[in-house]
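*Asks:* Sequence:
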Amino acid sequence: MEGIREAVDYGVIGILILMSVAALTVAIERWLFFRSLDLSSYKNRKLLEVDLTKYLHIIATVASNAPYVGLLGTVLGIMLTFYSIGTEGYMDTEKIMVGLALALKATAAGLMVAIPSVILYNALLRKVKVILAKWEARYGGEGD
Numbered sequence: 001m002e003g004i005r006e007a008v009d010y011g012v013i014g015i016l017i018l019m020s021v022a023a024l025t026v027a028i029e030r031w032l033f034f035r036s037l038d039l040s041s042y043k044n045r046k047l048l049e050v051d052l053t054k055y056l057h058i059i060a061t062v063a064s065n066a067p068y069v070g071l072l073g074t075v076l077g078i079m080l081t082f083y084s085i086g087t088e089g090y091m092d093t094e095k096i097m098v099g100l101a102l103a104l105k106a107t108a109a110g111l112m113v114a115i116p117s118v119i120l121y122n123a124l125l126r127k128v129k130v131i132l133a134k135w136e137a138r139y140g141g142e143g144d
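Be aware that the sequence shown starts at 1, since it is given in the UniProt record's numbering, and climbs by one per residue.
Since the hints were made in silico from the structure, they are not lab data.
Mixed in with the good hints there might be a few duds.
DEER-style ranges, computed between Cβ atoms [stated by the list, open to error]:
| hint | residue 1 | residue 2 | range |
| --- | --- | --- | --- |
| 1 | 84 | 123 | 23 to 31 Å |
| 2 | 46 | 115 | 54 to 62 Å |
| 3 | 125 | 87 | 33 to 41 Å |
| 4 | 17 | 78 | 15 to 23 Å |
| 5 | 7 | 90 | 44 to 52 Å |
| 6 | 95 | 75 | 12 to 20 Å |
| 7 | 98 | 123 | 25 to 33 Å |
These figures come from a predicted structure and were not determined experimentally.
Positions of the beta carbon are idealized from the N, C-alpha and C atoms, including for glycine.
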């Protein structure tokens, strides 16, 4: 049973780490793209918007799904704790509390991935709106 507990624990935490790396990688890539952007090379607002919002959906997906992955880890951890209680009959309070506390860390990890991802997504989306507004101010309705 301990092997299953570790597989669930490391599996969920591993998935959350991969999700956070993906969100951070996209955020860095987008930030670097925004810094090197030449607005004068875009004659069409729609094409500019497509380039600006490229990959932002990955950050939004991580932000919206990380809490669910964490919750899944918590549910599986609690299920394993109850299974242990059922198979061993009597368990002391310490084992139960440790099992539940370890299960809840998955939810905490999910939130630790989701909250920064939401912040990154909103900051990048704000930057997209600012860049689009600057393009509109400089080039008006040209090329729409």
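*Asks:* All hints, please: hold or fail.
*Replies:* Do the hints match the structure? See the list:
1. 84 - 123: 23 to 31 Å: violated, 43 Å
2. 46 - 115: 54 to 62 Å: violated, 32 Å
3. 125 - 87: 33 to 41 Å: With a Cβ separation near 49 Å, residue 125 and residue 87 fall outside 33 to 41 Å, so the hint is violated.
4. 17 - 78: 15 to 23 Å: Holds, at about 22 Å.
5. 7 - 90: 44 to 52 Å: At roughly 26 Å between Cβ atoms, residue 90 and residue 7 fall outside 44 to 52 Å, so the hint is violated.
6. 95 - 75: 12 to 20 Å: Given about 19 Å between the Cβ atoms, the range holds.
7. 98 - 123: 25 to 33 Å: Violated, since residue 98 and residue 123 (Cβ atoms, about 38 Å apart) do not stay within the stated range.
Hint violations for this structure: numbers 1, 2, 3, 5 and 7, all remaining hints satisfied.
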